[in-house]
Amino acid sequence: MIKRKKVWQYGFLILASVFSVFPLYWMAVSATNRSAEVIGGRMLPGGYLLENIKNLLAAQNVGRGMFNSLKYSVILTLISLVICSLAGYGFEIYHDRMKDSVMSLLLLAMMVPFAATMIPLYQMFSGFHLLNTTLGFILPTLSTPFLIMMFRQSARSFPHDILEAARLEGLNELQIFFRMFVPTMRSTYAAAMTITFMNAWNSYLWPKVIMQDTSSMTMPMLVANLTEGYVTDYGMLMLAVLLCTIPTIVIFFILQKSFAEGITGAVK
Amino acid sequence: MMKKKRIVAMLTAAAIAVSLTGCGTSASDGTSAASGGGNQGESGTADENTLTVWCWDPAFNIRAIETAGKLYQKDHPDFNLQIIETPWEDVQTKLTTAATSGNLDTLPDILLMQDNAFQKNVISYPDAFLDLSSSGIDFSEFSQAKVAYSTVDGKNYGVPFDNGAVIAAYRTDILEMAGYTIEDFTDITWSEYLEKGRVVLEKTGLPLLTCKGNESDVAAMMLQSAGASFFDENGEPDMADNEALKEVVSTYAELVKAGVMVEVNDWDQYIGSMTNGSVAGTINGCWIMASIQTAEDQAGKWEITNIPRLDNVPGATNYSNNGGSSWAITTNCKNKELAQDFMAETFAGSTELYEEILPATGALTCYLPAADSPVYSEPQKFYNGQSVFTLITDYAAQTPGNHTGVYYYEAKDAIAVAITNVVAGGDPDRELKNAEDTVNFVMGK
Chain H
78 MIKRKKVWQY GFLILASVFS VFPLYWMAVS ATNRSAEVIG GRMLPGGYLL ENIKNLLAAQ
138 NVGRGMFNSL KYSVILTLIS LVICSLAGYG FEIYHDRMKD SVMSLLLLAM MVPFAATMIP
198 LYQMFSGFHL LNTTLGFILP TLSTPFLIMM FRQSARSFPH DILEAARLEG LNELQIFFRM
258 FVPTMRSTYA AAMTITFMNA WNSYLWPKVI MQDTSSMTMP MLVANLTEGY VTDYGMLMLA
318 VLLCTIPTIV IFFILQKSFA EGITGAVK
Chain B
-1 MMKKKRIVAM LTAAAIAVSL TGCGTSASDG TSAASGGGNQ GESGTADENT LTVWCWDPAF
59 NIRAIETAGK LYQKDHPDFN LQIIETPWED VQTKLTTAAT SGNLDTLPDI LLMQDNAFQK
119 NVISYPDAFL DLSSSGIDFS EFSQAKVAYS TVDGKNYGVP FDNGAVIAAY RTDILEMAGY
179 TIEDFTDITW SEYLEKGRVV LEKTGLPLLT CKGNESDVAA MMLQSAGASF FDENGEPDMA
239 DNEALKEVVS TYAELVKAGV MVEVNDWDQY IGSMTNGSVA GTINGCWIMA SIQTAEDQAG
299 KWEITNIPRL DNVPGATNYS NNGGSSWAIT TNCKNKELAQ DFMAETFAGS TELYEEILPA
359 TGALTCYLPA ADSPVYSEPQ KFYNGQSVFT LITDYAAQTP GNHTGVYYYE AKDAIAVAIT
419 NVVAGGDPDR ELKNAEDTVN FVMGK
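Chains H and B, in that order, are what the protein sequence lines are.
All you need for the numbering used here is the position in the first sequence, starting with 1, plus 77.
By the numbering used here, the letter at position 255 of the second sequence is numbered 253, and the numbering carries on one by one without gaps.
Just chain H, same shape as in the assembly (with noise of 0.2 Å):
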């Protein structure tokens, strides 16, 4: 009777899996193939990976584009990662009346479509001489409600206790917050990583307003690149698409365990 049950459900989910696995074999596969055999509808794995690897090295510097994404996510992972945290555990700890407005005012802030501040940001960016650099892609997005409210709802399983015992040991603020809260809540730092180097990689209308400059280009704004023209060649195409994912994907797996912690909560 249970094997039945177990067999309902493990169809169920394989079919599932393989509406969401799909695109990604095809991804894959058609980067291995002709132009006109990608359009044909061929799913299985051709002998013209070479001929598409050199193609896209003569089409696009991917060797560039790839270092500047790495390092535009990378640096914008790591730093938001400190504000975001320290936003959120202070809010958390030591909140009172005001913070607690103040917060809310920051959950607002998160209703605000991008496109609606574009304008104005790109206006004080150019003022700042800060197009084409590293710091205007980081600057906007450095430290974002969505985080600082995760990092407040894990503070919020964070026991006091360890705060009183840790405090009385003669630890200062800074200390506890380093020593105690970051080792404990290290799933969701895990999970918000992924989160945050997810959307800093794959992130696109902002450096495309801010980058105007061939050698700061990053992935994505490459691959659109290649989808413009008379002509698209898709095995080509593909195969960039599949080197922009790449990096995303290497994340999730060696931070999936964690990243499920971190989103249900670290303490436990």
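FYI, nobody ran anything at the bench for these hints, they're computed from the structure.
Don't take each hint at face value.
Said to hold, decoys possible - So the derived list for chain B, only partly shown, Cβ under 10 Å to chain H, looks like this:
id	residue
1	THR104
2	PRO106
3	THR292
4	GLY360
Said to hold, decoys possible - Short derived list, chain H residues pointing at chain B, Cβ under 8 Å:
id	residue
5	MET120
6	ALA192
7	ILE196
8	TYR199
9	LEU208
10	LYS285
11	GLN289
12	THR291
13	ALA301
14	ASN302
15	GLU305
16	GLY306
17	VAL308
Since the model is a prediction, treat every value here as computed from it, not as a measurement.
By construction, the Cβ of each residue, glycine as well, lies at the ideal position given by its N, Cα and C atoms.
The hints should help you fit chain B onto chain H, whose structure is shown.
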């Protein structure tokens, strides 16, 4: 122990700070090295002899302007081009952001603009573009339909480049099975097209034409072939009582109902229908040839001719235009004389340039003197020995111009909706009225 950790923490913080500033400067260093130090809020380059260009498509536009740059360098050895590959959508976004925020100084010296968006951008951001009327460029040497796209209030803002003349391309082997040749589809009307299409469908099972559903490209091409537009001369929407448009919509619906034209869902399917041989022909801007030619196994089977004309509309022709682009010089350009002279001596004055880029890119000229070049009359194997390039430049010269205005894209979208509804059985008059109301609404009326 404590001290050690504190030192470590401080070192880490210092490292982050240093790496941040380090990256900041290295990025801007890279920038200045690449563009001659001009990018910090003044994209128009500091170097007197370098022009910055935004354009897209390495195989087409970029190759063309690179060739132009090399030609110009022969007489001007100091001249340099700094080309920044930017997809059209991004050119539009960057332009909108820069112009709306009042930072025109972040624009490049030259940018490539889709013809359909040209008037919109010039009217919306009048300070951004240089009036080229008295620049020494002779605009009468271009096809007039093309020049009209970049003309606002009688002033020329663009140097026509990419030709969008519409062609009808047919698979002659499929036509033959139905007992037709390419001549049977030359200089015909849409009702003849429909009639012959029925025969082809019956004998071969294939439609004559595919198009992307929910898009009004085919309708817009039909409309322009009669010199008509979605707007009147004053830029007011003209749809509900537009006789030409009414005929376009009913013709379109008949084609779909008869199965002579099949609507597909997306661009990839559209290209696929031609390369897979599941359609007997196509009607689009001549740039579609680049996609047709990817089907190498069909070489020699395709031939091109002009498109059908509307039956009952005065001024109807067999020629139209779809897509294409023109070069614009921005007001931010630091060396306007150089930019104008560069354009005048290459895209607006060099037959040699067009001779060189045609075989390499398939980029067809709108510069009429170039059409007399022997390179243009060379027979093309893929098109069964036709001199397609001479044919197309001839089509371009006969194409009537029309007025695109600021809201051309919005109008096209509204008409796409109307057409979809009419094909599904809606009343044409009511749907066109709705479309006009939609555009009026977008225009804030």
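Hint check:
With its C-beta approaching chain H no nearer than about 6 Å, THR104(B) sits inside the 10 Å limit, and its interface hint holds. With a least beta-carbon distance of about 8 Å to chain H, the hint placing PRO106(B) at the interface is held under the 10 Å criterion. For THR292(B), the suggested interface contact is upheld, since its CB lies about 6 Å from the closest CB of chain H, less than 10 Å. For GLY360(B), the interface hint holds, the least distance from its beta-carbon to any beta-carbon of chain H being 8 Å, beneath 10 Å.
Below 8 Å, beta-carbon pairs count as interface contacts, and MET120(H) has none with chain B, the closest being about 15 Å; its hint is therefore violated. At about 10 Å, the closest approach between the beta carbon of ALA192(H) and any beta carbon in chain B exceeds 8 Å, and the interface hint on this residue is violated. Among the interface hints, the one on ILE196(H) holds; its C-beta lies about 5 Å from the nearest C-beta in chain B, closer than the 8 Å criterion. Given hint, TYR199(H) at the interface with chain B, holds; its Cβ is 5 Å from that chain's nearest Cβ, closer than 8 Å.
For LEU208(H), the shortest C-beta to C-beta distance to chain B is roughly 6 Å, which falls under 8 Å, so the interface hint holds. Proximity of LYS285(H) to chain B holds as hinted, the smallest CB-CB distance being about 5 Å (cut-off 8 Å). Interface hint at GLN289(H): satisfied, since its Cβ lies 6 Å from the closest Cβ of chain B, which is below the 8 Å cut-off. With a least beta-carbon distance of about 5 Å to chain B, the hint placing THR291(H) at the interface is held under the 8 Å criterion.
A hinted interface residue such as ALA301(H) counts as satisfied when its beta carbon comes closer than 8 Å to some beta carbon of chain B; here the least separation is about 5 Å, so the hint holds. The restraint placing ASN302(H) at the interface with chain B holds, with a minimum CB-CB distance near 5 Å, inside the 8 Å limit. With a cut of 8 Å, the hint placing GLU305(H) at the interface with chain B holds, because the nearest CB-to-CB distance is about 4 Å. Contact between GLY306(H) and chain B, as hinted, is supported at the beta carbon level, the nearest pair being about 4 Å apart and thus within 8 Å.
With 8 Å as the threshold, the beta carbon of VAL308(H) comes within range of chain B, its nearest partner Cβ sitting at about 5 Å, so the hint holds.
Figure legend: structure checked against the earlier numbered hints; hints not met, in rising order: 5, 6.
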